[in-house]
Amino acid sequence: MASKSRVVSRSKTSKSLPPTELAPPLKLPEQAFKLEYAPALESKSIVSIKDRYDLFIGGRFISPKTKKYFATINPATGKKLAEVAEAGSDDVALAVEAAKAAGEKYWRTLAPAGRGRYLFRIARIMQERARELAVLETLDNGKPIKESRDIDIPLAAAHFFYYAGWADKLEYAFAGHKMRPLGVAGQIIPWNFPLLMAAWKIAPALATGNTVVLKPAETTPLTALLLAEIIQEADLPPGVVNIITGDGKTGAALVEHPGVDKIAFTGSTEVGKRILSSSAHSAKKLTLELGGKSAQIVFEDAAIDQAIEGIVNGIFFNQGHVCCAGSRLLVEESIADIVVKRLKKRMENIRLGDPLDKNTDIGAINSAAELKKINKYVELGIKEGGEYYEPTKMNLPTEGFFRKPCFLNQVSPSGSLYREEIFGPVLVISTFRTPEEAISKANDTPYGLAAGIWSEKVSKVLDTARSLKAGVVWANTYNKFDPSSPFGGYKESGWGREGGKHGLLPYVELIKPDAEEMKSKT
Amino acid sequence: MSKIPLKPLIPVAKTIKLFIGGEFPRTESGRSYKVSDLKTPQNSIHLCLASRKDLRNSVEVAKNSLKSWKQKSAFNRSQILYRMAEIAEGRKGDFLQLLQDYFGAKPDEAIACFETLIEAWVYYAGFCDKIDQSLSSANPVGSPFQNTTSVDALGVVAIIGDEKTEVAHLLAGLAAVIAPGNTAILIVPGKLGIFAGWLGEIIATADVPKGAINILSGDLGELLPHLGSHMEIDGLASFVQDTAANSSLRSASVSNLKRMHIFDKKHTLGMTSILPFLEFKTLWVTQGF
Amino acid sequence: MYSRELNITRPSGQSVPIFFEPISKAGAEERALSFTKRSIKSSAKIKALYQIIKMIDLTTLEGSDTPGKVKQLCAKALNPLPHAMQSQLEKFSGFQTVPPVAAVCVYPEQVATAVKALQGSSVHVASVATAFPSGQAHLSIKLEDTKVAVSDGADEIDMVINRGAFLSGDYQKVFDEIAAVKEACGSFAHLKVILETGELGTYDHVRLASEIAMEAGADFIKTSTGKISPAATLPVTYIMLQAIERYYERTGKKIGMKPAGGIRTAKLAISYMCMVNETVGYPWLSPQLFRFGASGLLNDVLKQIYKQFTGTYCYDYAFSLE
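Chains as they are written, first to last, in my numbering: chain A, 1 to 522; chain B, 1001 to 1289; chain C, 2001 to 2322.
Bound-form chain A, shown alone (with noise of 0.2 Å):
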């Protein structure tokens, strides 16, 4: 009855293809939409970059001692962007005074709550100014402008936000600890996340009650330079953050200063072992955050698909400019074909280009120097062996610089790019057999910063993230960030942590809880 009556009906429309078995065909044209990312530019005009900028000593911009400057360039384009001023000894000299007077003066003579609302206004300032520094991160550090607009930006207010509200709890945070600062407070930043990082060292250093010159890397000065601006607009009292540019001769004034009491400092292991080395005569409180080779562990009970989300975010946010980068892949042997197999799937819809395209996801390396050592890695890796994989119909942009997100699979633990840090989007790939194995891989570098783990058994989670010798260990993701969650590495990968009321102890001396009253109180 019912094919009857469908036979009828069938033959009122006229468009209809004859049936087949059991499936079938729709009257529609079969033709697949190629969709188009046509190019979404954030706009630049929200910025107004100055030709030249002076330092930032004692509330104001001054011009440096060394009349010297030197220029930061988009690394999009190769262009420069803006002059900056070079700070020698003798501009460090005046800023560490600045800071020094600026303690005595104002900062621990105000009281706690006084400086939290000092830093919940500069939090606030550069949320309402979130696009503009956002913008500028990415013209000057070459990142998309997803992850400037989206996590840079978002995230370095937030830590201002979050230690502002430690400035007068500071007891609560250790036991019955009372919190002593350090003084003046060098900081050294990286130029991977360069106004993230400036707020990493300030926030936690000002909430305690230090003072600050802070040195940004010299490729990518302006977004420290742009927070400046907005230090003064807040009203911060002069002198408590001085912001000097330089390179790595400046960066050594400071950490040489006699009136520095406290240098915290991010970038290399090697520039770090360098700092406390000039550093070991003296009786300067040290924080390190350094190098990583990190490792993320595939069992073969992940979620693969999430965990393949998990490599690519791990590996090349950032274009891989991450201290804590999952560099190393190690995968259980039993699923490292069809991990590999969607991996390059997945790498095919990466979109590398202008940073200000929001649908851009990989960006520009930093420097042409970065692009070169990035470059000679990759080469050392495909002569040691390394099976050398890249997305197929991905397109370089003729200027700037640019590189193809890779991999290289089969590399032996031996392997130079297995042990290196090589600090951009590649990524090496290792399989592994037990978990113990894998723990044991992981764990054989002189590097400790962070791990990832993928596995949906609980157990399997918790006995290897015990196991890792890795401050940092992500669980079923990757390269997650927060004010309150404590980062920092073990073994080689630096000293100390940022972050959390843990990021508060590279900044204080501990007053222990008085044990005569506490007698006299039982």
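Check before you lean on any hint, since a few could be wrong.
[To be verified] Only pairs whose alpha carbons sit at most 30 Å apart, straight line, appear in this in silico DSS-like list of lysine-lysine:
| id | chain 1 | residue 1 | chain 2 | residue 2 |
| --- | --- | --- | --- | --- |
| 1 | B | Lys1106 | B | Lys1130 |
| 2 | C | Lys2227 | C | Lys2041 |
| 3 | A | Lys273 | B | Lys1070 |
| 4 | A | Lys44 | A | Lys480 |
| 5 | B | Lys1053 | A | Lys441 |
| 6 | A | Lys273 | B | Lys1265 |
| 7 | C | Lys2254 | A | Lys393 |
| 8 | A | Lys341 | C | Lys2303 |
Treat the hints as calculated values from the structure; they're not laboratory data.
Following the hints, position chains B and C against chain A.
Quick look at chains B and C alone, frame taken from chain A:
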């Protein structure tokens, strides 16, 4: 049955050796140095002059025993530290005697020193299972993540005194170092070396896993550079008051970025003595079904 | 779930391989929501908007549906843009006539009306069936429900799975019912299998139900009836697209995807398209393999098309309600 009386009584002098991996070996170098008994010079003794190789052996056993010491429950570590204090009480006389004979301490000074030591050991015995609770945190990063920071042992820590270090403070430092699960190499140079035997016997009978605490007597100047440069030593607890020695130690420790903490002249009890020998591990776990 | 043998067999006795992988919720949602960050602008946006219309199953599934209402809906399905606006937009260069939607989706009772109204057009008539929306009826009734809709001329059947059976672990029953309905559709109707993901509780269940539906003969898998909240979401669609991708890898068969319910804006629809484009790939961006089950979406898409050409937004009442 007739006995031949030994008269006058010939005492059996104790040989003090190193303590490595739960055993009492002589130094592999065969070297020794003399420490004088201040009252009765004829009782002066020879101590082992530990070599670089003895240090290396100690580091190796200390590293291997990390697993057994660290993975004991904190409560269990507490009990073992308390046991050390109990055994020490039973050997109080020997301790007082050593202080009086070799350091010229007056009886009440020696007793005060012993009291300091016992106070510290009992204090840290009760701290092992409070460290994580005092210093860990649940971090409010929000959904869909569970985020906690917990305490982890640093690893192998060398504890270094010099001849001016008061033994009670040095041994209090030892307790602070091992409480969170670190294993230790205790350097007792010069005269301090006479405590190697007393301490080693306590450790050997207190259920401390073999290799978790190792003791080397010898020459500080000789051992310092190796302590700094050894890549498997993760931390340095210095009771040395000599600034130059400390900065050379710090320079030598750059190679693997050892954590180094210089204790005040008077070691006092507290969390601040444990903090330098910890790592913090932050774990992010996703939630959701 | 993972420790249990699924042991599903076909009537022939042949065992059905069911592959599933665990889903990690946080990662899946993070990835799915990342597609809302994609920005499709200008000419690319106009093309995408037209494509959305071509992939809409314009739906009315109310107890109050009448032949009159269904006729109005069909008129809109054929000519989504009101005549007045059509003549206004024709003045702009590059403007093309807005195409009809893919299908009209109604209750079986309304199928005959829709078939008549859409006669001779390219617009399909989809009918919900199998005791929609609960699916709580005997199989014989579900099959009769299907057959009647088909005989009235529906060439697409949107069936609901038996969630009661699924949640009680009777996967064989779920499979058998789908297979039986598929057979009832015969060579006359496409089968869309509604998982009603809002009732399945976990993403793992969504994945498993997708696998069972595809193995049992679904031509499309569909998220929701629209009667349960949440209906379609980006993450649940993402999970189902992953299942489709894996099934395609194993069998070479392309199964279609239909998120339904809750997609009311063109912006969100474009996010879905980006997701399809970057997961299963652009071949799925065709009415053959992708549908939006929606009613309100069409008006928002028209509004956006108007905006793209004229630069201004028009009144909501410029568009017909149906």
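These are the hints, each one checked on the structure:
The straight-line distance between the Cα atoms of Lys1106 (chain B) and Lys1130 (chain B) is roughly 37 Å, outside the 30 Å bound, and the hint therefore fails. Of the supplied pair hints, the one linking Lys2227 (chain C) and Lys2041 (chain C) is violated, its CA atoms being roughly 33 Å apart against a limit of 30 Å. As the CA atoms of Lys273 (chain A) and Lys1070 (chain B) are separated by approximately 29 Å, the hinted pair is consistent with the 30 Å bound. At most 30 Å may separate the alpha-carbon atoms for a hinted pair to count; Lys44 (chain A) and Lys480 (chain A) meet this at roughly 28 Å.
For a cut-off of 30 Å, the pair hint linking Lys1053 (chain B) to Lys441 (chain A) stands: about 28 Å separates their Cα positions. Between Lys273 (chain A) and Lys1265 (chain B) the CA atoms are separated by roughly 28 Å; this keeps the pair inside 30 Å, and the hint holds. With a C-alpha separation of about 23 Å, the suggested pairing of Lys2254 (chain C) with Lys393 (chain A) holds against the 30 Å cut-off. For the hint linking Lys341 (chain A) to Lys2303 (chain C), the alpha-carbon distance of about 42 Å lies beyond 30 Å, and the restraint is violated.
Hint compliance for this structure: hints 1, 2 and 8 are broken, all remaining hints hold.
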